[in-house]
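Sequence lines, in order, name chains A and B.
In case it helps, our numbering puts the first sequence at residues 1 to 418.
In case it helps, our numbering puts the second sequence at residues 1001 to 1142.
Please note that the accuracy of each hint is not assured.
[To be verified] In silico EDC-like links for lysine to aspartate or glutamate, alpha-carbon gap of 16 Å or less:
1. Lys1108(B) with Glu1128(B)
2. Lys283(A) with Glu333(A)
3. Lys25(A) with Asp1072(B)
4. Lys25(A) with Glu1128(B)
[What the hints assert, rightly or not] The calculated label-pair distances, taken between Cβ atoms and stated as ranges, are:
5. Gly1085(B) with Ser83(A): 36 to 46 Å
6. Glu1127(B) with Val39(A): 53 to 63 Å
7. Gly1071(B) with Leu64(A): 32 to 42 Å
8. Ile392(A) with Gly1071(B): 35 to 45 Å
9. Ser1041(B) with Cys231(A): 44 to 54 Å
10. Ile377(A) with Ser1041(B): 39 to 49 Å
11. Gly233(A) with Ala1068(B): 46 to 56 Å
12. Pro132(A) with Gly1085(B): 20 to 30 Å
13. Gly1085(B) with Arg168(A): 38 to 48 Å
14. Ile1049(B) with Ser194(A): 53 to 63 Å
15. Ala79(A) with Pro1116(B): 35 to 45 Å
16. Ala79(A) with Gly1085(B): 48 to 58 Å
For the record, the hints were derived by calculation from the structure and aren't laboratory data.
Idealized CB from N, CA, C, for every residue including glycine.
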Amino acid sequence: MTFALVDCNSFYASCERIFRPDIKKKPVVVLSNNDGCVVALSKEAKQLGIKMCEPWFKIEKSFLRKGGVAFSSNYELYADVSSRVMQTLENLSPKVEVYSIDEAFLDLTGLKDCEKFGHQCRETIDRWVGMPVCVGIGPTKTLAKVANYGAKHYPATNGVVDLTNLKRRKKLMALMPVREVWGVGSRINKRLNSLGIETALELAEIDTKLIKRKFSSVLERTVMELQGYSCIGLEQQPKTKKQIVVSRTFSKKVNDFNSVNEAVSDYASRACEKLRRENQYCKMVSVFMRTNYFRKQDKQYNGFRSYKLFSPTNDTRDILNATRHMTEQLFKENINFIKAGVMLSDFYDEGIYQGDLFRNIDERINSKKLMTTIDKINTSGVGKVTFASQGIKKPWSMRRLLKSPRYLTNWKEIPIVR
Amino acid sequence: MKIDYLGDASEDNLSLLEIPYFLNTVRVGWPSPADDYIERSIDLNEYLIKNPAATYFVRVSGDSMINAHIGDGAILIVDRSIEPGHNKIVIASIDGSYACKRLLLKPKVCLVSENPKYPPIMINKEEELEIAGIVIASINLY
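All chains should be built: construct the whole structure from the sequences, respecting the hints.
So, in structure tokens, the structure goes:
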């Protein structure tokens, strides 16, 4: 077997640069929801000593003084760029597994010059999309990840590392801290360190039986993959989702029922859109809301409630009925809420559900047509239709003061050229 | 002026691939003799966009390309996957912003406007020239 892992470099920050040639060499950071902390940073920002998850208010002044540029998260842009990267890969290779928004595995089994192909991937994605990537190649997925680590950390590789050669593989694994291995979390890392295992190579050379006994069969599989035995295949069919969660932190604390209900309704509508995109129907709806843990002076509260619908639905109106009901039960006066969310679960495919013999399924007439029409309008980029309970002004909605235009997904925001 | 009739435009540009709906329903009575001739309606995307992953749109501001029929407010379709060449209309990065210009490679590499009001921009080193795609079409609404 031969696998390649294609991973975008500083994905969010690189997306922000595509239509901004003026910031090509400048330090770039992307901020989390409500512009709270750094969630992505360019190489230049890393060189300034900025770390992931650093609170924005702490670094804002000095970062801007040093010529840095900051952006609020622009998910519309990132999602579109991601799909372009994946489409480009599908043009280059028949077997592609989209692993995350900025990574994909390819099955290159049988290909002769994998390293050359890696460079071809890099050049094509850079030219077509404007996204820099690194390519790691190896006989297993875990080793492809190791190779990618090498490609990212050593500029002399030109962004492509092929670990088919055993000598090369050992050399790189001896330099790689064990916590960087795919599947090794911080807890396992600590336990391995206490056993004297510091590098990927030391992990690869352990007896797999011992690992299985002392840790788990999951880690055993990782060790086998590091040794070059492929245990994890390519998954080309995306798994159908088991649940959908939409939750957000409010831009400021909220303590009136109407605002909380608006926010919950808004998240519920969004969750329903996602549910319909998956062609699923759900039976279980949950609502949760909580206060800010860090404000010790405030009265704390954390509420969660679920509601089982009589029959599966993906009609926003049914879900909104349920969430309204639960919001009324969960809401408390004189509490400062900071976050709320909606979760949909217990999914059914269309037409699979067996109804109750003694009751009519009160399916709404034309429900499907209405929902399809709403989704069409809302994705057209021309305007939005919403349910009244979602509110109009939305004072609780996310703060994204530094957001770049939706260059690729909205006619009104496409780039201007002179 | 001679005009070729190509067919009716798709009513619904939201769906990329339209399937004529009456192919899916069960018909009662005599089938229409025209049914055998049903084709997909014409899709502008198919005509204008060859490589969707590499294509994006920009809006023109100003009159520097007016003699190439690219006016103020026109929407350009830009394909990043096409190799830049002599005489191609390109999107180039000039002083940190993108501009639409004609690329000339001979006698000397330069970017020219299609309007005598604007002087050509000479490119001294090739590294200074960054092309962000080739303009493959211009859309003007009247």
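Results for each hint:
Taken as a hint, the Lys1108(B) and Glu1128(B) pair is honoured in the structure, with Cα atoms around 14 Å apart against an allowance of 16 Å. Taking the CA atoms of Lys283(A) and Glu333(A), the gap is near 30 Å; set against the 16 Å cutoff, the hint is violated. For the proposed pair Lys25(A) and Asp1072(B), the alpha carbon gap of about 31 Å is over 16 Å, so the pair is violated. For the given pair, Lys25(A) sits about 14 Å from Glu1128(B) by alpha-carbon distance, which is consistent with the 16 Å threshold.
Roughly 29 Å separates the CB atoms of Gly1085(B) and Ser83(A), a value that falls outside the hinted 36 to 46 Å. Remark: the range hint 53 to 63 Å for Glu1127(B) to Val39(A) is contradicted by a beta-carbon distance near 33 Å. A beta carbon spacing of about 38 Å between Gly1071(B) and Leu64(A) agrees with the range 32 to 42 Å that was offered as a hint. Taking the beta carbon of each, Ile392(A) and Gly1071(B) are about 38 Å apart, inside 35 to 45 Å as hinted.
The beta-carbon spacing between Ser1041(B) and Cys231(A), approximately 49 Å, falls within the hinted interval of 44 to 54 Å. Taking 39 to 49 Å as the suggested C-beta distance range, the pair Ile377(A) and Ser1041(B) does not conform, at roughly 21 Å. At about 52 Å, the CB distance of Gly233(A) to Ala1068(B) agrees with the hint of 46 to 56 Å. Taking the beta carbon of each, Pro132(A) and Gly1085(B) are about 25 Å apart, inside 20 to 30 Å as hinted.
Between Gly1085(B) and Arg168(A) the Cβ separation comes to about 40 Å, which falls inside the hinted range of 38 to 48 Å. As the Cβ distance of Ile1049(B) to Ser194(A) is approximately 57 Å, the hint placing it in 53 to 63 Å holds. Under the hint 35 to 45 Å, the C-beta atoms of Ala79(A) and Pro1116(B), about 43 Å apart, fit the expected range. Between Ala79(A) and Gly1085(B) the Cβ separation comes to about 33 Å, which falls outside the hinted range of 48 to 58 Å.
Comparing the model with each numbered hint stated earlier shows that hints 2, 3, 5, 6, 10 and 16 do not hold.
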